[in-house]
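Based on the hints, put chains B and C in the right spot on chain A.
Residue numbers (our numbering), protein chains in the order written: chain A, 1 to 345; chain B, 1 to 345; chain C, 1 to 345.
It is possible that part of the hints are untrue.
No distinction is drawn between identical chains; accordingly, a pair holds when it is met within one copy or between any pair of copies.
[To be verified] In silico lysine-lysine, DSSO-like type, Cα no more than 27 Å apart, as pairs:
no.: 1; residue 1: K263; residue 2: K186
no.: 2; residue 1: K102; residue 2: K146
no.: 3; residue 1: K190; residue 2: K76
no.: 4; residue 1: K340; residue 2: K62
These are computed hints drawn from the structure, not numbers from a lab.
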Amino acid sequence: MKLSTVAEKTFAVIAQGAADLELKGAAGLDIAESGQITFLANPKYTPQIKETKASAIFLNEKENIERQDIAVLRAKDPYLAYTRALRLFHTVPEIFAFVHPKAVVNETAQVAENVEIGAGVVIGRNCVIESGVKIFPNVTVYDNVKIGKNSTIHSGAAIRENCEIGASCIIHNNCVIGSDGFGYAKDEKKRWLKIPQTGNVVIEDDVEIGAGTCVDCASVGETRIMRGAKIDNLVQIGHSCTIEEDALICAQTGLAGSSVIGKRVILAGQVGIAGHLRVGDDAVITAKSATSHDVENGKIISGIPAFDNRDWLRSIAAFRRLGEMTRTIRELEKNLVKMKEDKSV
Amino acid sequence: MKLSTVAEKTFAVIAQGAADLELKGAAGLDIAESGQITFLANPKYTPQIKETKASAIFLNEKENIERQDIAVLRAKDPYLAYTRALRLFHTVPEIFAFVHPKAVVNETAQVAENVEIGAGVVIGRNCVIESGVKIFPNVTVYDNVKIGKNSTIHSGAAIRENCEIGASCIIHNNCVIGSDGFGYAKDEKKRWLKIPQTGNVVIEDDVEIGAGTCVDCASVGETRIMRGAKIDNLVQIGHSCTIEEDALICAQTGLAGSSVIGKRVILAGQVGIAGHLRVGDDAVITAKSATSHDVENGKIISGIPAFDNRDWLRSIAAFRRLGEMTRTIRELEKNLVKMKEDKSV
Amino acid sequence: MKLSTVAEKTFAVIAQGAADLELKGAAGLDIAESGQITFLANPKYTPQIKETKASAIFLNEKENIERQDIAVLRAKDPYLAYTRALRLFHTVPEIFAFVHPKAVVNETAQVAENVEIGAGVVIGRNCVIESGVKIFPNVTVYDNVKIGKNSTIHSGAAIRENCEIGASCIIHNNCVIGSDGFGYAKDEKKRWLKIPQTGNVVIEDDVEIGAGTCVDCASVGETRIMRGAKIDNLVQIGHSCTIEEDALICAQTGLAGSSVIGKRVILAGQVGIAGHLRVGDDAVITAKSATSHDVENGKIISGIPAFDNRDWLRSIAAFRRLGEMTRTIRELEKNLVKMKEDKSV
Numbered sequence: 001m002k003l004s005t006v007a008e009k010t011f012a013v014i015a016q017g018a019a020d021l022e023l024k025g026a027a028g029l030d031i032a033e034s035g036q037i038t039f040l041a042n043p044k045y046t047p048q049i050k051e052t053k054a055s056a057i058f059l060n061e062k063e064n065i066e067r068q069d070i071a072v073l074r075a076k077d078p079y080l081a082y083t084r085a086l087r088l089f090h091t092v093p094e095i096f097a098f099v100h101p102k103a104v105v106n107e108t109a110q111v112a113e114n115v116e117i118g119a120g121v122v123i124g125r126n127c128v129i130e131s132g133v134k135i136f137p138n139v140t141v142y143d144n145v146k147i148g149k150n151s152t153i154h155s156g157a158a159i160r161e162n163c164e165i166g167a168s169c170i171i172h173n174n175c176v177i178g179s180d181g182f183g184y185a186k187d188e189k190k191r192w193l194k195i196p197q198t199g200n201v202v203i204e205d206d207v208e209i210g211a212g213t214c215v216d217c218a219s220v221g222e223t224r225i226m227r228g229a230k231i232d233n234l235v236q237i238g239h240s241c242t243i244e245e246d247a248l249i250c251a252q253t254g255l256a257g258s259s260v261i262g263k264r265v266i267l268a269g270q271v272g273i274a275g276h277l278r279v280g281d282d283a284v285i286t287a288k289s290a291t292s293h294d295v296e297n298g299k300i301i302s303g304i305p306a307f308d309n310r311d312w313l314r315s316i317a318a319f320r321r322l323g324e325m326t327r328t329i330r331e332l333e334k335n336l337v338k339m340k341e342d343k344s345v
Numbered sequence: 001m002k003l004s005t006v007a008e009k010t011f012a013v014i015a016q017g018a019a020d021l022e023l024k025g026a027a028g029l030d031i032a033e034s035g036q037i038t039f040l041a042n043p044k045y046t047p048q049i050k051e052t053k054a055s056a057i058f059l060n061e062k063e064n065i066e067r068q069d070i071a072v073l074r075a076k077d078p079y080l081a082y083t084r085a086l087r088l089f090h091t092v093p094e095i096f097a098f099v100h101p102k103a104v105v106n107e108t109a110q111v112a113e114n115v116e117i118g119a120g121v122v123i124g125r126n127c128v129i130e131s132g133v134k135i136f137p138n139v140t141v142y143d144n145v146k147i148g149k150n151s152t153i154h155s156g157a158a159i160r161e162n163c164e165i166g167a168s169c170i171i172h173n174n175c176v177i178g179s180d181g182f183g184y185a186k187d188e189k190k191r192w193l194k195i196p197q198t199g200n201v202v203i204e205d206d207v208e209i210g211a212g213t214c215v216d217c218a219s220v221g222e223t224r225i226m227r228g229a230k231i232d233n234l235v236q237i238g239h240s241c242t243i244e245e246d247a248l249i250c251a252q253t254g255l256a257g258s259s260v261i262g263k264r265v266i267l268a269g270q271v272g273i274a275g276h277l278r279v280g281d282d283a284v285i286t287a288k289s290a291t292s293h294d295v296e297n298g299k300i301i302s303g304i305p306a307f308d309n310r311d312w313l314r315s316i317a318a319f320r321r322l323g324e325m326t327r328t329i330r331e332l333e334k335n336l337v338k339m340k341e342d343k344s345v
Numbered sequence: 001m002k003l004s005t006v007a008e009k010t011f012a013v014i015a016q017g018a019a020d021l022e023l024k025g026a027a028g029l030d031i032a033e034s035g036q037i038t039f040l041a042n043p044k045y046t047p048q049i050k051e052t053k054a055s056a057i058f059l060n061e062k063e064n065i066e067r068q069d070i071a072v073l074r075a076k077d078p079y080l081a082y083t084r085a086l087r088l089f090h091t092v093p094e095i096f097a098f099v100h101p102k103a104v105v106n107e108t109a110q111v112a113e114n115v116e117i118g119a120g121v122v123i124g125r126n127c128v129i130e131s132g133v134k135i136f137p138n139v140t141v142y143d144n145v146k147i148g149k150n151s152t153i154h155s156g157a158a159i160r161e162n163c164e165i166g167a168s169c170i171i172h173n174n175c176v177i178g179s180d181g182f183g184y185a186k187d188e189k190k191r192w193l194k195i196p197q198t199g200n201v202v203i204e205d206d207v208e209i210g211a212g213t214c215v216d217c218a219s220v221g222e223t224r225i226m227r228g229a230k231i232d233n234l235v236q237i238g239h240s241c242t243i244e245e246d247a248l249i250c251a252q253t254g255l256a257g258s259s260v261i262g263k264r265v266i267l268a269g270q271v272g273i274a275g276h277l278r279v280g281d282d283a284v285i286t287a288k289s290a291t292s293h294d295v296e297n298g299k300i301i302s303g304i305p306a307f308d309n310r311d312w313l314r315s316i317a318a319f320r321r322l323g324e325m326t327r328t329i330r331e332l333e334k335n336l337v338k339m340k341e342d343k344s345v
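Bound-form chain A, shown alone (with noise of 0.2 Å):
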């Protein structure tokens, strides 16, 4: 691929270099070769591009080079660029359409011509599959099941019954949409008496689902995972919840049921969120911290349970001395009543 090519493509502009120079993958500074194109997005790298064996770089508006033997591309966001590169060397094989004979397809389910239907997969009664998915080996799609456009659908995935999938979205392995929520009355024994889940899981366009994720189906009404939101491996997502737009949510986090992640939130690793809550757009809630209120748009909150980031940084600080401020304390005391003491004498 032509260095015009790639500049073109990923919306940055030839600074040094020839608009012919031949591309032919992209990488990290530290280990892109000959004829790649790498890029710079931290200040702390600066140092690398001396020794970069790359054959062309993404550089801000503002960073200069001494190399002349090595092509240069302005862009805003470097590292936006290099992942739409990335994309570039690296693009999704087409669809070779096929249904496997060791694949079991319900007689009422709509199948597109163009899609990929691997060994194993069973797919039941009324379902739909849209034209460019692909579903690999293993998969189980429930009955009245709806798969979109270009979805693709890992190996050993459930789509569980009447859940919805969209556009675009990519399923991991072993990820299940739509399994019961967790709900039970406690009878006149102190037995649980399970609460029917009859409800569904309607993921949107562009939402991306890793491994072993479980996702919940709504008791009544619909869980929802809002168009272009991420969500990690092993994460727990329970009945009713709305995941809204780009929300990015790490793994082993886990949501109790019917609460609310705004636009853009972005849910660190192994994260808990109680029932019955919103976060706020915007909002971060750091790595194993966990709430069980509310959460004010574009807050960064921190902790079991979680509260303003910075005030949790001067917390933990303390808590590690905590030991010591407890014999200060009792230090203090000791002083003062001595001190009471020699007065009163």
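Just chains B and C now, with coordinates in the frame of chain A:
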């Protein structure tokens, strides 16, 4: 279904409305429609009674209601009655007996006539599958497994060798029952030598186990989940644990080996339980907490490590101000020093 | 098996008892029966020696025993010797070579003769399956995967494209090896643009990976699990991590991307490790802790964020009394103010 039938089957009494009123479903106060029955359990929602479109409502014996156009069923526990009504309207579909031609059932397995075995299911040697069992596609049942009457196993689950599942259990998608416990001895070269995990898992009747949950077999003996216990998604149950009757374990909780969880215990989400301990009957451990000690019957504990919930609430309130507290103590010290100096002058 | 054989194979020495005593199993002190061998590793259990029904016992070189009716094998590490005995009595069954007719093996795959491939297994293009490999039903092996000699893959696992598994590994049920790393760049509209995840996972020899665990592939390059590492259930290993030799990672622990876990490190249950850091050789991170910084070799750390374990023990002891401590400080302040007033009077 007539109001009188709903009343009878939910152990409720008609206090207002016609016995032959036709009901067609049940739903929450805010979303119920005409023809549905709803409930009031929390006085917080009393105002919604004025607005609800429901045709009938479960109320406790004290709650008064002004509206005359809505049937009233009196019940001791309106939420429980409502759950029973939901179950009347959402009955589990009957078994439609079949063994899919793409299932593989070992010839030595004893499979009752009245079962559903989906495509891609594999059933090993000497298994016993009782009547009413429903096994969804792509489940793998290893050798010598017993699955009791009317139990349901969802797609992708694995039931390992020698495990037993009782009657009326539900095992959700991609659940693993009987994986090896995590046990090693350190050898002379500081390498880990695997301890054979030769025990099994026994699951009693009326147990529900969530999607992606893993229950390890015992090294020797058994891991046991007792009657009526309910386990959520992505939970880890270590080898040789015992979960007693009607315990409730929420998502992403983990138990190390050989611990006992007492009757009706509630472990909230993301809780951690160390090995070789007992959590007493009716104890509650709140979300994200962990214990490495026994817990008394009926205690509510919180924190890492967990202690009395009320004390913990005080501690976390103070923790938020710990940075400030550090400064206060420093001030106290300075003042005291100064006072001493003043005095000595 | 004769006592002399057990002694020889466990590197122990007969100190008491007949060399030709027949043993038929191994079990713990409390449950061992006649004909079995047991062990004492922890002096706490010494009194149980009087009661045990075992016919033989592993003891260290110092432990004395009064009973004459029980054979004694002296071993440096009785627990290790016992583990070896257990392994003698519970050998792994030999391969019974077959490829099930309901497996789907791509014609370009190289599959050794001496393998077991269960029903519903799918093996992709250009895979290499070496001799002694055992693949349980419904496993999906993507293209270009290599599985080394004598490794076992349990049902429902997914091995994604280009991954390599060494010799004598055990991959438990529903484990996912090589799912996409979680990487996105933010575009001009604040939407997430997926960064192609083009690397792989390399698992060296003698590695065991628990049920439901997910190991992400690298974005570029590899995620590597080195020889002898043991990983429990429901663990998340982020992209480009390296787990060094003989590291032990307990259930539900999560690692963000690009971190290195040193040799023989122990990460207890539910630990969190941030990205781009190194946990030094032989370090221990206790359960439910998390670190976002490097950890020195051999350190034991605890807490969120984690610090020296002994300091943490002091801090958590003080934390329990933090509510009380707040009151004490308030009292001190009042007293001090009062003393100043008294003085000024």
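Each hint tested on the structure:
no.	hint	verdict
1	K263 <-> K186	between (36 Å within a copy, 14 Å between copies)
2	K102 <-> K146	both (21 Å within a copy, 24 Å between copies)
3	K190 <-> K76	between (62 Å within a copy, 14 Å between copies)
4	K340 <-> K62	neither (66 Å within a copy, 59 Å between copies)
When the structure is compared with the earlier hints, a violation turns up for hint 4 alone.
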